[in-house]
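Just so you know, the protein sequences line up as chains H and L, in that order. Sequential numbering from 1 applies to the first sequence in the UniProt record's numbering. Sequential numbering from 1 applies to the second sequence in the UniProt record's numbering.
The set of hints was computed from the structure by calculation and includes no laboratory data. There may be inaccurate statements among the hints.
Said to hold, decoys possible - In silico contact screen, one side only, chain H against chain L (beta carbon under 8 Å); selected entries:
1) 156
2) 214
3) 248
Claimed, not checked - Here are the in silico distance ranges between beta carbons for each label pair:
4) L:16 / H:154: 18 to 26 Å
5) H:110 / L:39: 49 to 57 Å
6) L:35 / H:189: 22 to 30 Å
Everything numeric in this text was worked out from a predicted model, so none of it was measured. In this text, a Cβ means the ideal position worked out from N, Cα and C, and glycines have one as well.
Here are the chains, one letter per residue:
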Amino acid sequence: MGGLWCPGWRRVAFYGWPWSHPGSPTMAAERVEPCLRHGPSGTGGAERGLRQLGIWRRPSLAVQPLRRLKSTNPFTRQQEEDWRRRNKTVLTYVAAAAVGMLGASYAAVPLYRLYCQTTGLGGSAVAGHASDQIENMVPVKDRIIKVTFNADVHASLQWNFRPQQTEIYVVPGETALAFYKAKNPTDKPVIGISTYNVVPFEAGQYFNKIQCFCFEEQRLNPQEEVDMPVFFYIDPEFAEDPRMVNVDLITLSYTFFEAKEGQKLPVPGYN
Amino acid sequence: MSTAMNFGSKSFQPRAPDKGSFPLDHFGECKSFKEKFMKCLRDNNFENALCRNESKEYLECRMERQLMAQEPLEKLGFGDLKDGQSARN
Chain H
1 MGGLWCPGWR RVAFYGWPWS HPGSPTMAAE RVEPCLRHGP SGTGGAERGL
51 RQLGIWRRPS LAVQPLRRLK STNPFTRQQE EDWRRRNKTV LTYVAAAAVG
101 MLGASYAAVP LYRLYCQTTG LGGSAVAGHA SDQIENMVPV KDRIIKVTFN
151 ADVHASLQWN FRPQQTEIYV VPGETALAFY KAKNPTDKPV IGISTYNVVP
201 FEAGQYFNKI QCFCFEEQRL NPQEEVDMPV FFYIDPEFAE DPRMVNVDLI
251 TLSYTFFEAK EGQKLPVPGY N
Chain L
1 MSTAMNFGSK SFQPRAPDKG SFPLDHFGEC KSFKEKFMKC LRDNNFENAL
51 CRNESKEYLE CRMERQLMAQ EPLEKLGFGD LKDGQSARN
């Protein structure tokens, strides 16, 4: 019975769309499909009735693809499926790489810290200067550097702190002595602790202090005035550094803070 | 304290002095040597090379009075002064 109806239905379908219509074969084929495939004989009257109406859709047990493939030609369909699969894998790899980069950028911080601690680099990459280097170093006479001095005091510390000379002319490789003066004008003993700074920063790595008064608590009694010496030298390798060719002025700046009980100034070095 | 805010440049890392900190000269025992050194600096237009004798004497004063650890002068960069006892120009 079904076979009798099909040819008629087919003719009706083909009236609407000419066979040569490019887009049509799919639609027409899908419409024709139910007729070409004879349904299971068990479905009975409901199927026949729907086929007459032309809205029969074969219940498919297979999983439908989410997206229809563009190609209709069965030969290119396989190729398109391959392309889609390849694109998906490429996309997965790219996404994984992006996530990996993000993770690496977060991991870089502790890793770099670890690397610096093991190799000792990171801001103060200077070959270690031992005291025997001072013995053997030869002053570079032709390179005169002016060292100026600056003194600062934290607001809460009431000392009078100032350098005793505004500048001094040294050459690399020669040890030099400079003085600061501090006075405690209050009526109570005050403990101060100082740190220093050298400008320009790159020259700071050549500025070596043999002895000074920084990083240790210094106690001044009421109305006491003391001289604070700084014994330093500039590394002779300063003269050979191409980046320091234009550096003729180095400023040494000390800052005093009030030392409170139990407070520790961070030890210089890599923290 | 380095306050440069540029992200890429190296910041200043203060280093501890090689031989530690000078004890304070509370009693001014070496003040006269210091005054001599400062006068020498002022006379010579703050050139350190001409006043190295005075600085050596100041440090020797400190070492004698236990205000500084005893060190041979070569280790402090005064090796040439020890022999000749003459200030270089």
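Status of the hints after comparison with the structure:
no.	hint	in the structure
1	156	violated, 15 Å
2	214	holds, 7 Å
3	248	violated, 15 Å
4	L:16 / H:154: 18 to 26 Å	holds, 20 Å
5	H:110 / L:39: 49 to 57 Å	holds, 55 Å
6	L:35 / H:189: 22 to 30 Å	holds, 26 Å
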